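If you read the sequences in order, they're chains A and B. Residue 1 is where the first sequence starts when you use the working numbering, and the numbers rise one by one after that. Residue 1 is where the second sequence starts when you use the working numbering, and the numbers rise one by one after that.
Simulated from the structure, these hints should not be mistaken for laboratory data. Keep in mind it's a predicted model, so treat the numbers as computed, not measured. Take the hints with a grain of salt, since some may be wrong.
Claimed, not checked - Cut-off 25 Å, straight-line C-alpha distance, at most; resulting in silico cross-link-like pairs (BS3-like, lysine-lysine):
1. B/K25 x A/K124
2. B/K25 x A/K144
3. A/K168 x A/K71
4. A/K74 x A/K59
5. A/K228 x A/K240
6. A/K168 x A/K192
Read off the chains here:
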Amino acid sequence: MAILEISNLHASYSVTGPEILKDISFTVEDDDFFAIIGPSGAGKSTLIRCINRLVEPSKGEIIFDGRNVTKLPKRELRTLRRDIGVIFQEFNLIERMSVMDNVLSGRLGYTSNLRTLFRAFPRKDIDHGLQLLDRVGLIEFVDKRADELSGGQRQRVGIARALMQNPKMLLLDEPTSALDPKISREIMGLIKQMATELKVPCLCNIHDVQLAMEFCNKIIGLQDGYMKFYGPTEEMNKEKLDDIYAMEVL
Amino acid sequence: MSDMHDDDAIAPRITSDIILERRRKSRYFQGCVYLVLGALVVWSIQVTIIEDTDWERMGSVAQVLESANRFFGIDYALFKDLLVPTIETFMIACLGTLLGVIICIPAAWFGAKNITPFKPITYPIARMMMTISRSIHEIVWALFFVAVVGLGALPGIFALAVRSVGFIAKMSAEAIEDIDPGPVEAIRSVGGSNFQILLYAILPQIWPQVIGVIIFEWEINIRRSAILGLVGAGGLGLVFFRQMNTFNYHGVMTVIIAVFGLIVIGEVVSHRIRRSLI
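Model the full assembly from the supplied sequences, consistent with the hints where possible.
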């Protein structure tokens, strides 16, 4: 079944400004680990941000889990965002808070303002958080502050936070480009493993083509806002890659 | 045999029980802190307001309102006498800020850890200047300068200049300390002198921040200069003082309105300048 269907999506940052995305259509299935590749400025991040409406699309339709994302009113938009975990390039942790509080922040969409004020998360959330921290290998770091961690460790916290939401899909915005090659591969492996285990489909922005080919089963190639390639990883080859990245040389 | 399984005992695994208990304790502690703070506020109110106010002289609510009401009205006859003091107030603020900025140049240079010429001596001197400047009220500075140079606008200008040094120099020095060292390295690598480093690598980085601070201080100085006349340092404050002494409450209100107008003008101008610069 399809968790996410995007059809004829257009986006621009201002009414008069240039279009960042032009007529994008694709479908993410329940068991997909989907890669979006393309040169810098192709619109990869914009595409990801349209899906949970951090960027407002200007035209087109996004159907997530049977809901029409582009038409949702504010309150329902927040409910939608609860169902989509996001892992960021720069981790976006709350630096001055502990690892545990960062992970628990993944539950804020389910927590009342009053509970948030007293940081009174229910026991099952704390259990879940500990379990996830154990899985990402950070159980020893529960009480550490987020800014005491290394890059790889921070992204592990980011993964745990996203999974805390019990998401129906994960959006990954260049999850490894702030990390060195060895750690990058570890992090991608961890995400893939957790996603497979918890049966969460992923949509991943990634500029490292090799990683994309290694971990993803489907690929979209963006160039200057256009979809240049859309298909299973096996159909991608050097020629098509050169075509997608042709603009970067100019 | 049992030694091999002792790892768990040495570092007990963290559980949700431990975390929940810790959070409960920390909330309890927070509650106590707020309780103590609340008690302090109540106690302060008791001592400073309830016991220390001359309730009998204040009279009933109606009498209080009547006293306040005396101020509402404008003394039109005062208008012609306000123009020159208003301009004078404005001028005191401008000249005071300008003089303050000039004093700030060495103060900020000496007071920034990364560029101070001889740290054990120049750094403490600059920091001392800033602290003294800020810890003495502008009225006290004005009293001091009135005593030194006599009545008029000049002691007002000196008072504002000296009072401004603390803030402008401190913010500028901190801006210098926070600069990105990259450009400094680059200019040093091309063989630049210390003065060239200052001009090319440091000033361009701190310029917007420093200008912002100066404009902000200038705006505050307009406010300050409006009251300096209370102690004989010229401007609107002197007029205010005279109206108050002769119980001409409508005149007082007129002066307040003039001060208000001047401050609004100052804010508009500073907003414009800041927008065009940053």
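*Would you check the hint for A/K74 and A/K59, treating anything up to 25 Å between C-alpha atoms as holding?*
OK: A/K74 and A/K59 at ~18 Å, within 25 Å.
task: Assess, step by step, whether the Cα of A/K168 is no farther than 25 Å from the Cα of A/K71, and give holds or violated.
output: 19 Å, holds
- Message: For a C-alpha distance cap of 25 Å, please report whether B/K25 and A/K144 respect it.
- Response: Since the Cα atoms of B/K25 and A/K144 sit roughly 19 Å apart, the hinted pair holds (cutoff 25 Å).
A/K168 paired with A/K192 [C-alpha distance capped at 25 Å]: Within the cut-off at roughly 15 Å; holds.
*Are A/K228 and A/K240 close enough, with their CA atoms no more than 25 Å apart?*
9 Å, holds
Given hint A/K124 paired with B/K25 - CA-CA distance at most 25 Å: Satisfied, since the Cα-Cα distance of roughly 19 Å is no more than 25 Å.
In the structure shown, no violation is registered for any of the earlier numbered hints.
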